[in-house]
Structure formats: C-alpha cells, structure tokens
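Enquirer: Top to bottom, those sequences are chains A and B.
For my numbering, add 80 to where a residue sits in the first sequence, where the first one is 1.
For my numbering, add 487 to where a residue sits in the second sequence, where the first one is 1.
In short, the hints are calculated from the structure, not lab data.
It should be emphasised that the depicted structure is a prediction, and the values quoted were computed from it without experimental measurement.
Virtual Cβ for every residue (Gly too), placed ideally from N, Cα, C.
Possibly wrong hints are sitting among the right ones.
Claimed, not checked - Beyond 12 Å from chain A on every Cβ pair, some chain B residues (computed):
#1 ASP590
#2 ASP610
#3 GLU716
#4 ASP737
#5 GLY798
Said to hold, decoys possible - Computed Cβ-Cβ distance ranges for the label pairs, DEER-style:
#6 B/ASP786 / A/LYS106: 52 to 60 Å
#7 A/VAL287 / B/ASP802: 45 to 53 Å
#8 A/ARG270 / B/ARG663: 44 to 52 Å
#9 A/VAL287 / B/ARG663: 36 to 44 Å
#10 B/ARG659 / A/VAL287: 56 to 64 Å
#11 A/LEU343 / B/LYS505: 32 to 40 Å
#12 A/LYS302 / B/ARG659: 53 to 61 Å
#13 A/LEU271 / B/ARG663: 58 to 66 Å
#14 A/LYS240 / B/ASP561: 16 to 24 Å
To be verified - According to the in silico footprint, chain B covers these stretches of chain A (three or more CB under 8 Å from chain B):
#15 124–137
#16 244–251
#17 325–332
Below are the chains, spelled out letter by letter.
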Amino acid sequence: MNIIVCVKQVLDPEIPPAKFKIDPEKKEVIPPPGVPPVISVFDERAVEAACRLKDKQDGKITVISLGSEKAAEVVKHTVAMGADEGYVLNDEAFEGLDSFGIAYVLNKAIEKIGAYDLVLCGRQSADWGSGQVGSILAEILGIPVVTLACDIEAVDKKLKVKRIVKDGYEVVEAPLPSLVTVSSELGLPRLPAGMRIMIAARKQVPVWKAADIGAEASELDKAKAHTEVTRLTVPTRKTECEMIAGDSPGEAAANLASKLAELL
Amino acid sequence: MKMDNKGVLVCGEIAGGKLAPVTIELLGIGRKLADELGEDLSALLMGSNAAGLGKEAIAYGADKVYVAEDSLLDDYNSDAYTQLVADLCQKVPPSIMLLGHTDVGIDLAPRLNGRLGGGLAMDCLALALDPAKFLVSTRPVFGGNAHAEMVSKSARPQMATLRPKTVPPAERDDSRKGEVIPVEGKVDPSALKVKVVDRIKEEVEGVKLEDAEVVVSGGRGIGSAQNFEMIRELANVLGGAVGATRPACDEGWAPMTVQIGQTGKVVSPKLYIAVALSGAIQHIGGCLGSKYIVAINQDNEANIFNVAHFGIVADYKEVLPALTAKFKELLSA
Numbered sequence: 081m082n083i084i085v086c087v088k089q090v091l092d093p094e095i096p097p098a099k100f101k102i103d104p105e106k107k108e109v110i111p112p113p114g115v116p117p118v119i120s121v122f123d124e125r126a127v128e129a130a131c132r133l134k135d136k137q138d139g140k141i142t143v144i145s146l147g148s149e150k151a152a153e154v155v156k157h158t159v160a161m162g163a164d165e166g167y168v169l170n171d172e173a174f175e176g177l178d179s180f181g182i183a184y185v186l187n188k189a190i191e192k193i194g195a196y197d198l199v200l201c202g203r204q205s206a207d208w209g210s211g212q213v214g215s216i217l218a219e220i221l222g223i224p225v226v227t228l229a230c231d232i233e234a235v236d237k238k239l240k241v242k243r244i245v246k247d248g249y250e251v252v253e254a255p256l257p258s259l260v261t262v263s264s265e266l267g268l269p270r271l272p273a274g275m276r277i278m279i280a281a282r283k284q285v286p287v288w289k290a291a292d293i294g295a296e297a298s299e300l301d302k303a304k305a306h307t308e309v310t311r312l313t314v315p316t317r318k319t320e321c322e323m324i325a326g327d328s329p330g331e332a333a334a335n336l337a338s339k340l341a342e343l344l
Numbered sequence: 488m489k490m491d492n493k494g495v496l497v498c499g500e501i502a503g504g505k506l507a508p509v510t511i512e513l514l515g516i517g518r519k520l521a522d523e524l525g526e527d528l529s530a531l532l533m534g535s536n537a538a539g540l541g542k543e544a545i546a547y548g549a550d551k552v553y554v555a556e557d558s559l560l561d562d563y564n565s566d567a568y569t570q571l572v573a574d575l576c577q578k579v580p581p582s583i584m585l586l587g588h589t590d591v592g593i594d595l596a597p598r599l600n601g602r603l604g605g606g607l608a609m610d611c612l613a614l615a616l617d618p619a620k621f622l623v624s625t626r627p628v629f630g631g632n633a634h635a636e637m638v639s640k641s642a643r644p645q646m647a648t649l650r651p652k653t654v655p656p657a658e659r660d661d662s663r664k665g666e667v668i669p670v671e672g673k674v675d676p677s678a679l680k681v682k683v684v685d686r687i688k689e690e691v692e693g694v695k696l697e698d699a700e701v702v703v704s705g706g707r708g709i710g711s712a713q714n715f716e717m718i719r720e721l722a723n724v725l726g727g728a729v730g731a732t733r734p735a736c737d738e739g740w741a742p743m744t745v746q747i748g749q750t751g752k753v754v755s756p757k758l759y760i761a762v763a764l765s766g767a768i769q770h771i772g773g774c775l776g777s778k779y780i781v782a783i784n785q786d787n788e789a790n791i792f793n794v795a796h797f798g799i800v801a802d803y804k805e806v807l808p809a810l811t812a813k814f815k816e817l818l819s820a
C-alpha cells in the first residue's frame, strides 16, 4: 500500500499565551525566540495512522511538507516514526498561499510522486487551522474523502474508517484510492526508537521547487486568492481571579464551596 | 467577479424531526445579512420530511426554502449532501452560504468549497458585512490565541461555518410569507463512493456535557485513570458532567467524547471547575462561555488562572475530597 502523508511544520501550540505575539500590520504571528517549531499535532497522528497500516502490511510511506526549508526537520521526525521517503516543498511562490493554493501545490507534488492508494492529512493545522486543505485536495485529485478519522484499517482493498462525530463515531467504507483526514482521537503517536532516529538523521530530504513539480505561476498568483486575512487581533481575556485561601487546602476547598453555593 | 451570485443561502440541518438549533441561529444572522444586502434569504432542507419544515424555516426568516425530499438524505452522507448542495448552488448561485460548525458542516463545507471554488472560513464566531458589502468572517486561529477576519473578494460563494450558540436564534413569526420550492433531481446512488456502515453512540453516563449546568474537567495533572474518579465524584455531587482536556483523553483517562476545546466540545455551563489543567489556549476556547470558571492547580502561574474567576493554588488531591464533601453537606442542607 502506497501512502502519502501531508504534514505541516507549525509554531509550537503549547507555548504559553504570554509568549504569543502578532504583527497586526503584516497579519502574521511573530515566532517567539528559542521555541523550535513542531509538526502539527493532527498531522503527526496522520503519520501515526500510516505507520499503523504499515505495521500490518507491506507499504511505503511518503511524506510531503509544504513550508520553509526547516520543514526538513519535521520530515525527518516522520522518518524516525516510520516513513520511508520525505520531500519538502519550498519556493518563494508558495509563501502566503490560501487553502486552494496549498491544495494545488500538494496535488502537483503528489502527481510527481506517482501511484498512491491513500493520502492522509491532519483534520486541520494547529496554526491557521483552516480545516479544508484535505477536502479541497481530494476534490482536485478526484478521489473520495473521509474526514475526522480516529481509526483506519485496510481490508480487502478497501478502507474501513472510524470517524468522530459529536456523540460517538461512524464506521465508513471507502474505496482505494481515497483521502482521509485524521483527528487527535486516533491516539498518541509513537515515540521513535533508536535505530529509526539514526536512519532519519542520515536521510536526505530533497527540496522541490515550483519548477520541480510543474506548479504554474498563474495558479500561485496571490491576487487570485479565494480568501484573505484582512485583520488579525489577539483577544483580551483577562479575568480578575479571586484566590481562595484557607489554613489548609481542605479549608480553602470548603470556603470555595460555600462561596460558589451562594453564587449559584 | 461572478456577478450572478445573489442572496444568502442557509444550509439547514434537521435533528429529531425539527430544525436544528444552529439552523435557527443561522436563519437569524442570515436574515440580517440578506436585509443589509437587499437580497433574499433562502434555506435548504434535506431528507424525507424536509417539506414539512419549510413553513417553519419561513417563520424563522427565510424567503425561499428549497426542499430536497430524498431518503438518501435522511442521515448525513458526505457524498450525497455534497452532490445535492453543489447542484443547487450551480442552479441558483448564492452570494453567501452559511452552515453550522457541526458534524455536518465540518465535513460538508470544505468539500463544497473545493467543488464550487468559493471562499470559506470555518468555525466562525462572528459574521458581518464590510462597507463594500463583502462578508467578513471572524474565526479563531492559532488555537484561539488570535482572531482573524477573513474576506473573499472575488471567489463565490462566500462561505462560513458558524460555531453553534454564538448568535441568538431567529425570532419565530408565523405570519411571514415565503415560498417552498422542491429541488428537482435525486441523488445519484452510483456517485456515493463512501458508505456509512455503522453509527455508534458513545453515551456517557449522567448529564449530557452540552446541557450540563456544571462541568468538572480534569487535565494532564490528574495523573491516572484512577484519580479521574475524584473528578467524577465531584461532578456527581453537583449533578454535573465530566469533561477532560485533550492530553487527558489521549491518556485514556476519559472517553474522547468528553474532550473540551477547539477540536472537541464547546460548553457554556454556569460553573466550570478546571482541575489540574494548565489552561492551554486550545482547551480554554471550549469553556470561555462559562459563567464562573474555577481553577484548581498547584502552579500559580498556570494560564487557567488568567481566565478563572476563583482559584485555589494547591495539589488537587488535597482539595477535591474536601470540596466534594462540603458541596455534599451544603446541598443536603
């Protein structure tokens, strides 16, 4: 089974809100110094889903990441997890693309990779989180899409996917090839083991430019963006927190209960 | 620019034989946008019993209600809904299309957008028109750390999914007049590539999280599934529901259906008790609508204290038993 996984390198979403700064003019986030970017959490689970499929049957996992040249780091991380090959898609012309532009570039890279049975994406990115690249990509590829997967099995050349809904889950069957977006409920990604880390460290991660994948300048024209960010703000949400004291934690708890009982 | 796109279309949902609450909210905001544009508000309802709800959608503000009565549309099917809604949008292209940020909208909106080539903003908290009458959709980005306003200058339809309970529901007025229009054409079953083979409800015991007046949530700091019992006990005494952060669900201490936050459930109880959770912005996004937030954490610099109204800085294991006992005493008095 040939699996292609699309991953994105993002600002670490776990940074304390106090470190989160934006440039309102440029409508961009200013990365805090000394905090390395990470693989987007949902994308990491998409890689985990691919590795679980490969644990059970022969397969090849190819990872692509659209981003800066540094994205090679997240690609290497996925190789350490179990991916076989990885490519970074980096070109000035790829910067600031909207969801359609990103899906277009991913599609061109997938065309270059060639045959595939399954394309996996995270349900949304942990940064801008537009939540639509996977579905648009599936439309461009002309293949079925299943969103919000928490479990993916391949049975008899078909996919059996559990997908998250509000009060439980659905089980769906999809043909191959299909595109599946993965949600966090898939479970924790594996921790790379020693041998894989060594393989990943030595892995060459080629960088593909627009010309390498035949991406047309006209398709990357920002003037044709479907959506644009016109304003970026940081909402203020400072509440005055009343600390409840007591001689012991137990007494503080009792004081808190009395206070809340009065309010409710 | 495509100038033939006109009006506002609400892609409606039917739940338990009635218009879903989010659909009534969308009709409210949709009516307002349509009036400002001087254009019509339409709604689309799908499923065997859609026509019966046409009048109701009119009472809530729709000028036209398209009804697609097809049993293949009774339950949400991604391929069937995409096909039907995309067809309608090609026949009567809307300028703005609104969906709920629900199980249906989260899946359907991006696919429709991919097919129609529109401009979509997901999980919106506010929708308005700018002076040029473009739709401005405000949505959380970076896990809720920032809000972005999104505009589509040329792509049509301008699309948005609206987070439930962010705008008031439309007021019902049964004297309103409107037109119910059957949608011609059926879903082509051969185009349904993905088959739903099972739907499994994971019922959580006790009060439903979304309806609960009290929610007690635990985070990574709880440390084990066994300790999570203390969260459950407190929730039980208060007649409330249990919630959890994503890390706590990842560890398997709580079922994934009770995950609260950006990609989980959004709750707005009267009282939200956050126990041993740091207050990652992704989590806070799911509980900010609560009337009172209480934080119990041993780290006095934890972000949760920035949004809490009351706090105790201590090890939760020393706080929860006393808190549960005192509530028991107060509630039995």
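Enquirer: All hints are to be evaluated individually against the structure, with a verdict given for each.
Expert: Consistency of the hints with the structure:
1. ASP590: Answer for B/ASP590: violated, closest chain A Cβ roughly 5 Å.
2. ASP610: Not fine: 7 Å to the nearest Cβ puts B/ASP610 too close to chain A.
3. GLU716: 17 Å, holds
4. ASP737: 5 Å, violated
5. GLY798: 5 Å, violated
6. B/ASP786 / A/LYS106: 52 to 60 Å: 34 Å, violated
7. A/VAL287 / B/ASP802: 45 to 53 Å: 49 Å, holds
8. A/ARG270 / B/ARG663: 44 to 52 Å: About 57 Å separates the Cβ atoms of A/ARG270 and B/ARG663, which means 44 to 52 Å is violated.
9. A/VAL287 / B/ARG663: 36 to 44 Å: 59 Å, violated
10. B/ARG659 / A/VAL287: 56 to 64 Å: 58 Å, holds
11. A/LEU343 / B/LYS505: 32 to 40 Å: 34 Å, holds
12. A/LYS302 / B/ARG659: 53 to 61 Å: Once the Cβ atoms are compared, 45 Å apart, the range 53 to 61 Å for B/ARG659 and A/LYS302 is violated.
13. A/LEU271 / B/ARG663: 58 to 66 Å: 60 Å, holds
14. A/LYS240 / B/ASP561: 16 to 24 Å: With a Cβ separation near 23 Å, A/LYS240 and B/ASP561 satisfy 16 to 24 Å, so the hint holds.
15. 124–137: violated (count 0)
16. 244–251: holds (count 8)
17. 325–332: With 5 residues in contact (Cβ-Cβ under 8 Å with chain B), the coverage given for the region 325–332 of chain A holds.
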